[in-house]
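Letter by letter, the chains look like this.
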Amino acid sequence: MSMLSEKPAMAGRLLAYVDALSEGVAQEMERDPSVFLFGLDVDDHKAIQGSTRGLVQRFGPNRVFGTPLSEDAMTGVAIGAAMAGMRPIHVHIRMDFLMLCMNQLVNIAAKAHYMFGGAVSVPMVVRCMIGKSWGQGAQHSQGLHSLFMHIPGLKVVAPSNAYDAKGLMAAAIRDNNPVVFVEHRLLYFTDAYVPEESYTVELGKARVTAPGTDITLVGVSNMVMECLRARELLAQVGISAEVVDLVSLQPLDSDTVLASASKTGKLLMVDNAWTMCGASAEVLARVAESEEGAGVRMARMGFAPTTCPMSPELEKVFYPNAATIAAKAHSMLRPGSDWMPDEKAAQLSYQMTFRGPF
Amino acid sequence: MKDTSDTRRLFRQLLRIRLIEERVAAIYPSDKIKSPIHLSIGQEAISVAVCDVLQPQDIIAVSYRGHAGYLAKGGDLKGMIAEMYGKPAGCAFGKGGSMHLVSAEAGVMGASAVVGTHIPLAAGQALAAKLRGEDKVIVCFFGDGATEEGCFAETLNFAALHKLPLFFVCENNGYAIHSPLKKRWANLDICARVRAYGVPAVRTETSDVTVMRAAAEAAVAAIRDGEGPQFLEAVTYRWLEHVGPNEDYAAGYRSRDEMEPWENEDPVARLAAVMDAAWVEKTRAEIAAEIDEAVEFAEQSPIHQQEDLYRHVYAQ
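These protein sequences, in sequence, are chains A and B.
Here my numbering is used: position 136 in the first sequence is 136, and no number is missing along the way.
Take any residue in the second sequence, note its place counting from 1, add 358, and you have its number in my numbering.
The following block holds chain A by itself, in its conformation from the complex (with noise of 0.2 Å):
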């Protein structure tokens, strides 16, 4: 935790993940006159939940502007834009809303360099947002990701805090391909040290959020945040954690989580999604196929295999959490104990904050 808290040398100063976002934004439109955000209300008094805030005041209604309920067309429009040399970023204020977009998606944002032998190409942000809690349910709170990663041509992030946030928005407008920008609804009000001036956060990178020794966390998005819960709650038995934050998703760094797994021998990956088909069966199965990876003991964690349910009962135990990832991890180590950390501890892991950067 203290590693975690620390001020680091760079220059920065603690800010939200949601203010991340909309600086990373308007330091692109300063930079680049291409740039243009869009889509359903971005310029209203709520401003997507903040992340668009000041914007439409900054840059005008020209290169800010809302949409009309046209997800499939507004797609198509983006998509025509950027193969004329703009750079849309366009915002959807939920990721299931990013279903209605699939044509345009997957038969053209993701083909359009292919399948023209190179002669366009489409440089263009899709963001996104998962959202979780308070009755979210069925249609407002799924992690579709792996739709998207299955899919080549596309390219997927995933920013679990401030600092990814806005280096990846950056690295995402820059990008001369389509990226889909998963945002988190929880993550918007963490905060970390972001540096004032513009920067970029490779795409395709992971990285080693916390080290450990005794077995390797892998996180997804807002799940980054329950491995390094768990973490602490595993340090109180002992067992020392090594969190992974996969960040991109596509490209996909298996390398770095490779490298942590042939170390710890044990591998706990934890999506923000369902698992069947999902991001930890495509990592798990790179470190089983790889040299490295034979004889690390893995399992993973997600979504139950539901529709998320709105009732605040049914959906803790939808998601997987601090405590049971922590005990999942325990399992693996020390199998045949039945543990699961103290209650109180569970749930003081969440008054604690997690500062980057990361």
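By construction, these hints were calculated from the structure, which means they are not laboratory data.
Note that beta-carbon positions come from the ideal geometry of N, C-alpha and C, so glycine has one too.
Please note that the accuracy of each hint is not assured.
Sample of chain A residues facing chain B (criterion: CB under 10 Å; computed from the structure) [claimed, not checked]:
id, residue
1, 67
2, 74
3, 77
4, 323
Put chain B on the given structure of chain A with help from the hints.
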């Protein structure tokens, strides 16, 4: 119609596209073209009329039935034939085929094989032109089937809302593959439906290229004047099967009687009849030589190396 420099230009384009399509159809049984082909024979005049009023900086978006648009806008013939042969010298590096013709130089947006998907893309091009203050008109050609896709309605609304410099051209050939309009449309008046979105709409029901040209000229002028998107419904007829080089009147879904009025009014034949015969023959010979050269180019052009498979997955 008379033999003027205007009609000669239009005729030459029409004849060229017709002869190219006929050559493609003739080559097809040889299996040298391993790509589905959706020929535009019978529908060429729409592309010719519209592209004749465009400027080089203007951009067109076409569908998988896009040979005529690609050629009328100035897409390279060698690049088109080589593309159908799947050669790296093709306009899409041999990775797209007949359904994905593209030409950045000539202003042809890459064609899509999923019906209607290129309509919002054209709006995106138009939005980019508007945001950058460019004098550019974007034309989107699509069939009657594409108007049934949700993104068509969404794009009409968005284009009207933002007064985009976008010309919607519906080539209404009466069939979505094999399904006729009356099985698909409760209201056959597509122009009325389009006008309800605030987009002016005009219908032509002729194969006369000069009539369509006049309609296109008025629409494009309005767009250049900043009046926002315009719509043209050009009623037409597809002479051959949906995909492939043959007629399909024996299939039972339509009768050859339906096609005959269009054949009788064929603009290629009608214009040829009023042109100087010697000029027509000379033109025909020039085009044939150009096609010979393009086919030879495609046939002689090298095939792909296996490592080309992995090129262009991501842009650098």
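Evaluated hints:
no.	hint	verdict
1	67	7 Å, holds
2	74	7 Å, holds
3	77	4 Å, holds
4	323	40 Å, violated
Checked against the numbered hints listed earlier, the structure breaks hint 4 alone; every other hint is satisfied.
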